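Colleague: So the chains spell out like this:
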Amino acid sequence: MNIFESIKNSWQMIIRNKVRSFLTMLGIIIGIAAVMIVLSVGESVQGLILNEVKSIGSNLVGILPGHSDENSPPSSVFGIVITSLKYDDGEAIIKENNPHIESLAMYVSGSDIITTEDNKISSTFYGTTASYLDVQNSTVAKGRFFTKEEEMSNAKVVVLGSQIARDLFGEQESLGKKIKIKKTNFTIVGILKAKGGSLIQNEDSNMFVPISTAQNILLGINHVSFMRIKIDKAENIDGAIEVAASVLRERHNIADESEDDFSVRSTTQALESISSITNALRFFLAAIAAISLIVGGFGIMNIMLATVQERTKEIGLRKAIGAKNTDITRQFLVEAMAITFISGIIGIIIGSLLLILISMIVNALNYKWDLIISPVSIILGCVVSIGIGLIFGITPAKRASLLNPIEALRYE
Amino acid sequence: MLISVKDLKKDFVNDEVITPVLKGVTFDIKKGEFVSIMGPSGSGKSTLMHILSFLDKLTEGVYSFEDRDVSKLNDDELAEMRSKKVGFIFQSFNLLNRSSVLENVMLPLVYTNFSSEERIKKAKDLLERVGLSHRLNYSPNKLSGGEKQRVAIARALVNDPEVIFADEPTGNLDSKSGAQVMKILQDLNDQGHTIILVTHEKSTAEHAERIIRVKDGVILEDVKVTQRQRASGEVLNK
Chain Z
1 MNIFESIKNS
11 WQMIIRNKVR
21 SFLTMLGIII
31 GIAAVMIVLS
41 VGESVQGLIL
51 NEVKSIGSNL
61 VGILPGHSDE
71 NSPPSSVFGI
81 VITSLKYDDG
91 EAIIKENNPH
101 IESLAMYVSG
111 SDIITTEDNK
121 ISSTFYGTTA
131 SYLDVQNSTV
141 AKGRFFTKEE
151 EMSNAKVVVL
161 GSQIARDLFG
171 EQESLGKKIK
181 IKKTNFTIVG
191 ILKAKGGSLI
201 QNEDSNMFVP
211 ISTAQNILLG
221 INHVSFMRIK
231 IDKAENIDGA
241 IEVAASVLRE
251 RHNIADESED
261 DFSVRSTTQA
271 LESISSITNA
281 LRFFLAAIAA
291 ISLIVGGFGI
301 MNIMLATVQE
311 RTKEIGLRKA
321 IGAKNTDITR
331 QFLVEAMAIT
341 FISGIIGIII
351 GSLLLILISM
361 IVNALNYKWD
371 LIISPVSIIL
381 GCVVSIGIGL
391 IFGITPAKRA
401 SLLNPIEALR
411 YE
Chain S
413 MLISVKDLKK
423 DFVNDEVITP
433 VLKGVTFDIK
443 KGEFVSIMGP
453 SGSGKSTLMH
463 ILSFLDKLTE
473 GVYSFEDRDV
483 SKLNDDELAE
493 MRSKKVGFIF
503 QSFNLLNRSS
513 VLENVMLPLV
523 YTNFSSEERI
533 KKAKDLLERV
543 GLSHRLNYSP
553 NKLSGGEKQR
563 VAIARALVND
573 PEVIFADEPT
583 GNLDSKSGAQ
593 VMKILQDLND
603 QGHTIILVTH
613 EKSTAEHAER
623 IIRVKDGVIL
633 EDVKVTQRQR
643 ASGEVLNK
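Chains as they are written, first to last, in our numbering: chain Z, 1 to 412; chain S, 413 to 650.
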């Protein structure tokens, strides 16, 4: 009995019982497609995060208020307001003149309904320092960014991201126009160059005002939400973190590391913790998808048992004309594997189509999303589907091979 | 001696109830003989055929085929004997409807080492001999009963068996088709094939040269047919 004959048999069985076969195969098809999508989307998210590191720069260090240990982020990440970081802390770090610290930016943020003469949009605004461009690797497309003087003097100027500028003014010239944030008029002095979407923040749809203006006029606070330090080279990050931390400890009268009221993290560390979360999520989802495969496997087992029953007479005949038990086992096992393999292929095709659809949608939403249909997930899909045929096909195949040929021939 | 049976016994065991089906039968069959095993239903004739054709195992006694002790063979060896030594013709034809006529005839060769070219050639030759070379790609369910049984005969011959077992081969056929089938069997016998026919009909049994009558698990008589019925019908292509 050769393999092609068995595959032909299985194909005929699928064709003859179209509805039944389709329903049987559905579990495997869905399972394989789901596993494939989860794994590939996971990989794409990983790629997205990597792009993120590249776009922000791997040589950035973030300082957040509040204590944290190695494994968990500071509570400020979860939206709890901690006021321990001040503007002067940042200034003090810069004044250290450490050769590896190139620049430092500070941030506060809020949101409001932004109004122009004829438009209203709800948006987030950032109060930041003039060093923003340097730290974030951003460039101004039109006009200018605000200056150090404006940063410190409550100047009512604003720089718009490219997207929010379009949203507020369409194709009209926006430079020099006024917008209203929290009932205060701001003059638009610059428009940033479009950067494209990113996972953590989307600069294009944000707006930036001097940090003093944001603190004193818009928010009425005197702390900063976080700082970013740009280091000259990635290998100097650890040293720079130490410098920044010791300045802050001195200023906050902290004797011991364990009492820190701030957290210093490199971008890489932060992204690593994100990717460890996405990894865990990915395997969890893959495990759920795998359950569908097990359910599908039982469907295959069920249908193969029915097939064996239907073809009892054929089994009797085959035995009478010289088939050994192993020939019969092999025949039905190969048939089961052919069905699951065909299901697997269909699942891979459907999964790939959905992945293409997902990437089209995500790209349309202006995120950089690599369409990853990895050969590994295709090979895995094939191997797993054949494996399911093997595991769930063995019982029906054994049952077929152990039929008594005389009784099988008499079966009606 | 091709087949030699001595004091063969077969019991069926069902829930500790032992039912003796064959109670000690003894006979020899020489190569080239045409033997009918005759008896009413329940006589044990089918069980006897199953044992002779390696489908079933005996309980007691001796069965040697070509001087080989069959009772010592394991399942795989019995399957190999069925594959190489015997051909089957069934009352209900047992053709696979989803395979073509040609594929049906080739089926026994699936379990042998013949190449696919050889399989096709052998099967085509035999279908020509039974006059069905124009039906190669038909599905069996498009054939008449007589044609089906001729396909089955071609299938039984495809592995060049020592013995052809025919189990009520005319039972599902009209008398004309039945006569044709018996004619083919007689022609095959004339060409030197050993044929063992199992039937409960006297008229069918009398196409053979020898009749072994079985009843209640024992042989009633074992006689030469004096006036062998010659079936007339379509001549087997030589």
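No lab work stands behind these hints: they were computed from the structure. Misleading hints may appear alongside valid ones.
Here are the simulated lysine-lysine pairs, PhoX-like style, with alpha carbons at most 25 Å apart [as the list claims (entries may be wrong)]:
1) Z:K8 - S:K442
2) S:K469 - Z:K398
3) S:K497 - S:K536
4) Z:K313 - S:K554
5) Z:K313 - S:K496
6) S:K497 - Z:K313
7) Z:K18 - S:K554
8) Z:K8 - S:K536
9) S:K421 - S:K442
10) Z:K313 - S:K435
11) Z:K95 - Z:K18
12) Z:K178 - Z:K193
13) S:K421 - Z:K8
If you want the ones that stay clear, here's a sample from chain S, every Cβ over 12 Å from chain Z, calculated [said to hold, decoys possible]:
14) K418
15) T459
16) N506
17) L508
18) P520
19) K554
20) G558
21) A568
22) S589
23) K614
Given the structure is predicted, the values throughout are model-derived calculations rather than measurements. A virtual CB, placed ideally from N, CA and C, is assigned to each residue, including glycine.
Colleague: Now tell me, hint by hint, if it's right for this structure.
Modeller: Right, here's what the structure says about each hint:
1. Z:K8 - S:K442: Distance of about 42 Å is beyond 25 Å: violated.
2. S:K469 - Z:K398: 21 Å, holds
3. S:K497 - S:K536: The hint holds at about 21 Å.
4. Z:K313 - S:K554: Holds, at roughly 19 Å.
5. Z:K313 - S:K496: 21 Å, holds
6. S:K497 - Z:K313: Given pair K497 (chain S), K313 (chain Z) holds - Cα atoms ~22 Å apart, limit 25 Å.
7. Z:K18 - S:K554: The given pair, whose Cα atoms are some 23 Å apart, holds under the 25 Å limit.
8. Z:K8 - S:K536: 21 Å, holds
9. S:K421 - S:K442: 21 Å, holds
10. Z:K313 - S:K435: 29 Å, violated
11. Z:K95 - Z:K18: 77 Å, violated
12. Z:K178 - Z:K193: 20 Å, holds
13. S:K421 - Z:K8: With Cα atoms ~43 Å apart, K421 (chain S) and K8 (chain Z) exceed 25 Å; violated.
14. K418: Correct as stated: the minimum Cβ-Cβ distance to chain Z is 23 Å, above 12 Å.
15. T459: The assertion about T459 (chain S) is violated, with a minimum of 9 Å to chain Z.
16. N506: Label violated. Min Cβ-Cβ 5 Å, cutoff 12 Å.
17. L508: Per Cβ check, L508 (chain S) is inside 12 Å of chain Z; nearest 6 Å; violated.
18. P520: Nearest chain Z Cβ is 4 Å from P520 (chain S), so the label is violated.
19. K554: At about 16 Å from chain Z, K554 (chain S) clears the 12 Å cut-off, so the statement holds.
20. G558: 20 Å, holds
21. A568: 8 Å, violated
22. S589: Correct as stated: the minimum Cβ-Cβ distance to chain Z is 21 Å, above 12 Å.
23. K614: K614 (chain S) is indeed farther than 12 Å from all Cβ atoms of chain Z, at 24 Å.
In terms of the numbered hints stated before, the structure departs from hints 1, 10, 11, 13, 15, 16, 17, 18, 21, listed from lowest to highest.
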